[in-house]
Every structure is written in C-alpha cells, then in structure tokens.
Amino acid sequence: MSLDPSFVGRTYPPTPSYEVGREKIREFAAAVGAVHPAHTDPDAARALGHPDVVAPPTFPIVLTMEAGAQIIDDPALGIDYSRVVHGDQRFSYTRPVYAGDRLTCVCSVEDISSRGGHDFVTTRTEVATVDGEAVVTVWSKLVVRGEG
Amino acid sequence: MEIGERLAPHTFRVTRADLVRYAGASGDFNPIHWSDRVATKVGLPGVIAHGMYTMALAAQAVLDWAGDPAAVVEYGVRFTKPVVVPDDDEGTEVTVSAVVKGFTDSGHAQLDITAMCGGDKVLGQARAVVRVG
Numbered sequence: 004m005s006l007d008p009s010f011v012g013r014t015y016p017p018t019p020s021y022e023v024g025r026e027k028i029r030e031f032a033a034a035v036g037a038v039h040p041a042h043t044d045p046d047a048a049r050a051l052g053h054p055d056v057v058a059p060p061t062f063p064i065v066l067t068m069e070a071g072a073q074i075i076d077d078p079a080l081g082i083d084y085s086r087v088v089h090g091d092q093r094f095s096y097t098r099p100v101y102a103g104d105r106l107t108c109v110c111s112v113e114d115i116s117s118r119g120g121h122d123f124v125t126t127r128t129e130v131a132t133v134d135g136e137a138v139v140t141v142w143s144k145l146v147v148r149g150e151g
Numbered sequence: 479m480e481i482g483e484r485l486a487p488h489t490f491r492v493t494r495a496d497l498v499r500y501a502g503a504s505g506d507f508n509p510i511h512w513s514d515r516v517a518t519k520v521g522l523p524g525v526i527a528h529g530m531y532t533m534a535l536a537a538q539a540v541l542d543w544a545g546d547p548a549a550v551v552e553y554g555v556r557f558t559k560p561v562v563v564p565d566d567d568e569g570t571e572v573t574v575s576a577v578v579k580g581f582t583d584s585g586h587a588q589l590d591i592t593a594m595c596g597g598d599k600v601l602g603q604a605r606a607v608v609r610v611g
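Sequence order for the protein chains is V and H. The first sequence begins at 4 in the numbering used here and counts up one residue at a time. The second sequence begins at 479 in the numbering used here and counts up one residue at a time.
Isolated chain V, as found in the complex (with noise of 0.2 Å):
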C-alpha cells in the first residue's frame, strides 16, 4: 500500500507546550553519557554564557517524538506503525535547548516516496518557544516496510 502523496505539506496544529525542566536534561544527559557540568550545574552553564543548563543535542528527541504522533498516527494517511522503522534523523540548532524553555512543536508531511516496495515519510518539526523564537528544526525519516 503506498502513502497518499498529496499529505506532503501538511502541517499539523501546534502541540501543547513542553516546559524542559533541569532534573529532565540531568536524566537525560545520564541515560547518554553526557558527564560535562553544563548539563547539571547551573552555575557551571551559566559561567559559559548560558540562562541554564544546557540540553544534550539530542534531547529535542524527546518532544519531537510525541510530537509526530499526531502523523504517525493520523489515521486520514494511514500508517501502519508496526511497519515504521527509524530511517534518518537529523537537528538544525537556531540555539542550545536549556531549562525553563516552554517549547511547542509545528510538525508538517515534508517528502513521501515509494521505492523497493517501502514508503518513506519525512517528517519536518519546528520547534520554538511560545514566544516564537527559533530553537531547532528536526526532520525524521520514516521507513514504513512493505508486506512483501
């Protein structure tokens, strides 16, 4: 079964904002290895010219993941998640995530192809403050396998 093509440029409503808290990038940073004292001590970022601490680069993970639901499990495009493995992923940092940012994520359809039977989905998620700064773009690429 192939994707709709005609889903690419969709773009979904903004999800509810996230609040990163400093005890979530601390577990984070640990669940990865990521020991630097940016990543925990607030004075320790803050002597580096950062408000707080600093997210690992790929926490945005985190959000971006629960975010896509909203078109994995779109059923108008009719994705069969037990098919979907992780193809690409790659982040475009405006700037650092850090504590105490409120993030809302604005996911749209950005490519979907059919190859060897596949369909491949290219996810695009903005994230930015509620404000409306800039923080990181995040694109997934989705493999959904064939029944083949």
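Simulated from the structure, these hints should not be mistaken for laboratory data. Hints are not guaranteed to be accurate.
Distance windows between CB atoms, simulated [as the list claims (entries may be wrong)]: (1) H:T592 / V:R86: 26 to 36 Å; (2) H:F581 / V:A79: 40 to 50 Å; (3) H:G505 / V:E113: 14 to 24 Å; (4) H:A495 / V:R105: 30 to 40 Å; (5) H:R609 / V:P40: 10 to 20 Å; (6) H:V577 / V:V11: 28 to 38 Å; (7) H:T582 / V:L51: 13 to 23 Å.
Virtual Cβ for every residue (Gly too), placed ideally from N, Cα, C.
With the hints as your guide, set chain H onto chain V.
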C-alpha cells in the same frame, strides 16, 4: 584544527541496562529495545539499541572533543544497521570516530562521523557541524 584531522576513537559499552535507562529518559518504550520476544517476532536477531541512543553516543564523542556541550549546530545520521545488545553483563561495544572534512563560511567544523559495532557500520552519512574555538 585542520582538514583531515582525526578525532581519537571513543568506545562505548552498551548493555541492556543502558537501553532501559535510555527508554525511560527519552520516553521511547518500543519493546524491540527491551523484549527479545517482541524483537524476534518482528524479524530482528534480538533486542536492539534505540537508533537515537547510538546517535546520542556519537554526539558525545564529538562534544568531548569540542569541549563545549552546546557546540553542535547541525547533526544528522542514517540508521544503517541495528546495534544488537545481548542479555548479558558485557553487552556490546560501539566505537565512534570522526574526521574534519572542512569548514563552513561561519568557521564551523564539518565532521564526518563513523560508528562501528561488531564490524558493521551502524550509522551512515553521519555528519555534524560543530562550533569551534
């Protein structure tokens, strides 16, 4: 730093406990990352690491070298092979290395990253743009 400079390889040991911890921290509770029963049912050799976990480890290798936890400006990878993590105390090993390929107009370093596990290249087209100096 100059073009062609290589970052010293970092080796990360990855065990089941690491995957459980990453699942909790990231919110990705897909059972292929903790249940052999589910992983084998979908055709995998066993429990595999989250691709995003491998991506995060590779970022750490680069950031340790850059010395600034906020240095990454761009970062992208392709997940080419799964990192299979056996249910024992040793787990498996992922080795990350990188080479400086060039510099952007803003003076940021462009790195090509290699992540290997058991002879397989587990990340493809892994590239980062990192603020330096």
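Hint by hint, here is what the structure shows:
Remark: the range hint 26 to 36 Å for T592 of chain H to R86 of chain V is upheld by a beta-carbon distance near 29 Å. At about 45 Å, the CB distance of F581 of chain H to A79 of chain V agrees with the hint of 40 to 50 Å. Separated by about 23 Å at the C-beta atoms, G505 of chain H and E113 of chain V satisfy the suggested range of 14 to 24 Å. Taking the beta carbon of each, A495 of chain H and R105 of chain V are about 33 Å apart, inside 30 to 40 Å as hinted.
In this structure the supplied range 10 to 20 Å holds for R609 of chain H paired with P40 of chain V, their Cβ-Cβ distance being about 19 Å. Taking 28 to 38 Å as the suggested C-beta distance range, the pair V577 of chain H and V11 of chain V conforms, at roughly 35 Å. At roughly 22 Å, the beta-carbon separation of T582 of chain H and L51 of chain V lies within the given 13 to 23 Å, and the hint holds.
Hint violations for this structure: none, all hints satisfied.
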